[in-house]
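These two chains come separately, so use the hints to put the complex back together.
Protein chains in written order, with my numbering: chain P, 2 to 466; chain D, 5 to 500.
Worth flagging that the hints you see were computed from the coordinates, not collected in a lab. Just so you know, these numbers come straight off a predicted model, no measurement behind them. For each residue, glycine too, the CB sits at the ideal point set by N, CA and C.
Covered stretches of chain D (chain P as the covering partner; in silico rule of three or more C-beta atoms under 8 Å from a C-beta of chain P):
{"no.": "1", "segment": "62-68"}
{"no.": "2", "segment": "96-108"}
{"no.": "3", "segment": "275-283"}
{"no.": "4", "segment": "397-409"}
{"no.": "5", "segment": "438-450"}
Spelled out from the first residue to the last, the chains are:
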Amino acid sequence: MSIDGATLLALCKDALAAAGEGEVEIFAREAERGFARFAFGELGQHMQLIEPQATVRVAHGARVAEVATTRLDRDALVGAIRDAAAAARLVPETEGFAGFAGSDEATGASPPRFVDATANASAEDRVERLAPVLASVRDAGLVSAGFLETARAASCVATTRGCARKHDGTTATFKVWALETPGAGGAAGYGGQVHRDLRALDLRAETDRAIGVCKRSRDPISLDAGSYDVVMEPEAVSELLEWLASTTFAAPEVEQGTSAVAGRASERVTGEAITISEDPLVDGDFGLAAPFDREGVWRRRVPLIVRGVAREVLFDRTYAARMRARSTGSSVLPEFGASGGIGACALTVDGGSAKSVDELIAGVDRGLYVCRLHYVNGLLDPRRAVMTGLTRDGCFLIEKGKIARAVGNMRFTDSFLEGLARCDAMTSARAAVPTWWSGGGACVAPAVRMRAFRFNGKSQERAKL
Amino acid sequence: MKLGPFDDLALDAALRAGIDALRRVPDVRYAEVRFVDETSERLRVRDGRPEQVATSGSRGVGVRVLGAKTWGFACTPDTSEAGVVQAALAAARIARASAAIVTRAVPFPELGAAVGTYATRVAVDPFAVPLETKLGALDAPVRALRSGGAKIQSAEAWMEWTRVHKHLVTTEGTDTKQSFTYGACGMHVFAVNDAGDAQRRSYPTWQGGDGFQAGYERIGALDLMGNAERTRDEAIALLSAPPCPTGPRDLLLESSQVGLQIHESCGHPTELDRAMGSEISLAGGSFMQPELLGKLRYGSDKVTLVADATTDGGNGTFGWDDEGIAAGARPLVENGRFVDYLSSRETAAALGRASTGTMRAESWNRTPLIRMVNVSLEPREGTLEEIVADTKDGVLMATDKSWSIDDLRLNFQFSCEIAWEIKNGKRTRMLRDPFYTGITPEFWRSCDAVAGKDEWKLWGITSCGKGDPMQIMHVGHGASPARFRNVSIGTSGAAR
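Okay, chain D solo, but in the shape it has when bound (with noise of 0.2 Å):
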């Protein structure tokens, strides 16, 4: 595959430019340039009409800078030698200006060179694909799930592409050019009945539907044609389903309800400057200290969960982070203790270890911060229906629908879109509005049945928010089915 704009070798000398300028300011202790070019893509139709047929390019330059004390940050639309020069020097002032309230210098010790290249696996190029024919495969299963009869309000599928050519250099000597083609796409349906209520169905998850790193080839495997019709069946179905009852239960939670319960439950908190105290402003810190590493009891010993940056075809995969760290795959939570940290060279340097390599920003004009890879839950044995003939009064949930958890990521509540009873090791009847909560170790203590690998399914989330301003990543998370014993579960539906 071509590496697009970094064969522009005006670019090239402008970034180097860039650098040279930096080299030359005495108080800078390191810096890195960063190019961006993005093109994204997003479809939506909805209801037999297209809702949304959109484009968009970003391309600039971000450079951050780390001064005598501080850093500073700025950016630049334009591209020139001038410009990148321009916004070098301007992030320079801006890390001297700061340092006069600043009371600690930033710790960050000096590493090599990273020089390589990397791409995301493509077979089918979904820029090239016609545009007439990605709207038809969205707007065929749009009229599958709207053909279900009056009770259906609303039927909607979406697709999303996006390419980042991405360009790093740094003081160190560091020159990574990296190429990431990112995929969604997903339905849903809405079904509401006389009485007003309203009930959603998605597949294959909500959320911007299934996120990863690949090619239009993805969009066949997805078979959304295939899953219209249950998709919609469930829908209504959902409308006469009693609702979910009250009370502890074993939890049985299918694969992506696993995936969303990693991100906000150790994804998240094991952030090492969310842990820190950088995030306050916006999500909050977190219950997994520095002085509980190799301590914590985080999970069951039936959980392990591992970071992974090189997953192919994971939405967390890269070459190298925004510090110029190689990918690699580290565990977390180890037999459900709590060993490590997603971090950056910084943060890692504060606690006398090494980065993991996790610094990512959203785009040119934004700073890298710390962001999740891919966090997936290693697969254990046997397969879900298994799980379910061996539990005896207990709730399957799937497909989530809400989610909120406290500022120290330990009170979560999640409500699912469809749920089934489980009684005496068989699947009974649909359940509405299910909701489960819980503190995070005693929800992951309780874990004592984590499905196998043939079960196992890396999802993609493309809309995870960090930081202020807020930026949105791309993150990954691999699971298979898992058993959670004795969790207050509830419905958030109204009485009927």
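Excised from the complex, chain P in its bound form (with noise of 0.2 Å):
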């Protein structure tokens, strides 16, 4: 039986009130995931996952410790508070800690999340949209690959001085590859789509798109390394738009001085064209994230980048006491072997005008129309923003407006936002792209193009080896 907000934050409540302690924040989850995944044309790894957490905070002054537990119940509760308050007790203030949040947070309107149809999704309901996608790859003569998602996540924060939140939340997320083979390379296509609406996903569009990429993707050519004019398809964008957001937007990094906006407030880091915001209580089909932080406090739209000028960082409630600021609702839960902190759940770029991706190709003489990127990593200067990457799913050469034959795999380095100065147009219509590792977000961005990007190698065929 899922447990659902309501149910939650009564919990936590009751947890509170029986542990007796001063200053306690508890932030509690509980996801459903229904996760049906592919690989080679079969259904290989069906799972039914539920992933329940309570992460409490106990503060005695400055002094700050968190206990988490998977146990969602009344005495586990109490048993972490009890542990976090004796762990506090031992440990060194923490500078800037401003206390949990209280009822006088600001609020607002919750945006719709939850879709029945994606909460009571069945495994067999996950197959039957699967038959067709599986079969229509293979009538294509290529190796399907991917997943078909449903998850419901009930959360909520209760803290001793007031502070209640609960959310009910839904996402589908569908990624689908076209393969010419299951695991040896060779050409390949992606389609995906991410909505808290089952039935929006359209897979069979998708899988279409897979398709025809994949197939458009044989023979390709091998290119030299060099510059080239790139127009990138919204899933290459977002992958970059993550690693610029975790080496780049978060109070952490700019305090330490290793962000490419630390000291450059409304500097000018990238080209006029570009607005970049952390947009999470965005309406209608971009809406995924959850409306507050795991600290309770009410998200809001940051602009971080607003027409090439550094503007916002994000901020938790301790970073934004310490650098006399206020918390931008970014304090996240460690994910991904991360130690968790302040990250961006809902990025965004604004749209251009250009009516189509065939519009961006068109004004390009010579250069890579790239639909996707692989093994991106943003570690290299991240002051600069400095990335290095792959192509993968489709990367093909224009010449003379047109898209003339598909390219073996190519390796980019160069820096996103020295990229993005030289961006010359992007399509009003964008996408939202799940993020690569599944977490259940989703970035929205629309195609671009950027002259000169820096490609400096390529990969190489298996036949070479």
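Rendered as structure tokens:
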């Protein structure tokens, strides 16, 4: 039986009362994920996952300790509060600790995030929707891989200062590949979509997209390294955007001086065409994020770069107090081996005026059309947002404004911010791109055209081994 | 050492009830019920203040069922008999639902039962060491790192401890109880100059520090304090160091960077599920395809890479994997020749081979995947200094900074925190922002020197990601410093 946000909140309030500690915050979340993962044309990993977690923080003055548990019952939460209280007495003070959120925290209207059709999807429902996907890739003489996930999550924040938030959300994510070989390389195409409503996913269209790109990717030529004008699909832009966010926009990176915007507030850091925001409360098709963060702070739209100029960065309550700012509702829990802290959950890039990707391609005399990127890393020189990575699932040579033919995968190494400074066109249409680690979030980006993007290598065909 | 939750008779009965329930389901060919109880502690001190003092507990049961054609997986935090049986039947139902669109039944040869216990050797229980002691062990080196003047912008040290109790029972009668104690510790410092250039220097390496399977006794051996001054001074010196030159050079890598190179260019591509296409949705395929087994000249004859799940203290060490296969040691590359895969019972059967025992799941609520164990480069002879003395024109790089490799694990590019120029057998000036790039088999074929066992060190990676949903795993890599001829190198930093 699934738990909802209201029940979770009642449980946390009960535990707060029972524990009797003075300053406590509980963030609790339980996600249920139906995850149907297919590869080499077969459904091989179909999983029903449950992810319960309550994270308790207790403060004694500015001494703060945290205890987390996967047991969501009263006894476990009271035990976690007492364990955290015992630890908090032993730790040094946290400079800038501002106390936990109270009843006076600003609030707003909860955006729609929950859809019954997604929440109630069964294993049989996922199988039924995937059947034509696998069949159509097979009928095209190709091999399929990917997944369909339907997830629901309840979350809440309760503090002894009277902050009480609850949220229920759903996410449906579909990713599909059409491949020439199951795992040995060759032509490949990708399609993918994320939405809170399973019924809004167009599996057929995304599968057709993947098949189309794969077929066009056959018989690639090998191009030399060098600078190329490049047109990137939203999937490729989003991968760079995620790295930019992780190295650039959080207060700790700004404080330690490694961020590309450290000491550059109100300065031009990229092209005038570029506006990047954190937009968690967005409504419509792109709305996925919970409206409050793990500290119970109501989220808001945060302009990060406006027309090329560095504006705000992301704060939690402690860094905001320390750096004399206001929390942006950006406190996040540890994920993917990271220690947690401050992060974006709903990055968006404003679109441009181009009516289509073809219009962007038409403005390139000789360049590359890149569908996706692979294994991007943004730690080379974060001060300049230098990143490296490779093309994947569709890279094409553009000649005289048209796609000429497929190109083998290329490696780029360039500053994303400097590349965006050479961006001269973007599509008005944007897409929500699921984050690459399938964490349920998305970036919203248009397709972009950047001049003279630097490619410094290429992959090698297996036949040449 | 006590086995903790394994003493719980009710839990034991619940796990067996789950298996018994699945034995009664006609279309279940095989099933495993896996209980996991995990406790972890993360401590992080930054610039003299505690950035993170956190402990967490996670406890539940995962059930994987092989039905008539394919797998189903379900899990529960409810470890009662009713909870486990409900999860078991849910997994069977998912396997049955999935079978409707599966064309080929999963091959899965039967095996005999594995029974036994395993526990990490721990001299000092890290969870029994007072919190103040552990925070003090981090605070002192951070203060030492911060003492370098105005150019030092930030310093941080961290320590992580994880204890995992895992009890696996299967329909084949397997019954293994294992207790793991993992640790990791490290520090880094950022120096920034007036122009805004930033340099990071880490010890003993980047990405979670040095990971291991042992107790608190390992912290003293790391000697953070003894390495703080050098680490700090190198960060400051890098600010004014010239950039790494560009072009082909002989490349020397210190031990931890060889470990990272093994991880990305040998460990991942020899995962047989990846080679067969199971990992396309996250990380891609592999150039090391089955038809190349025994034929591919992967590296020079100096290169022997062994997957060893029995190495004492390794992050990838265990007694049995999550399919009940006993830990073993097997070469993946022998004197340069590609000879074996990291595999599972299902994937190995597809090649007519036996599993190499590498299936592990991150937690109770994740399905097992093929994961690296300790994949290590066998030592040869000599020392790093002897290799330096034997190098006319080269660069020595140390401590990984960034990592990227293509979806077949061929084209890689790694940048390091620091490098030194080598001229006529001598280490000369420091170089900043170095990177090197290459194609995996060309790179390993260019390896003409691997230092001996005195400089061989087993490194632990704590954040290896794989799978959808992403799973993080502890893996190990042992290596000595090594030399690679005529490698393409460059700089990722801005011109000054």
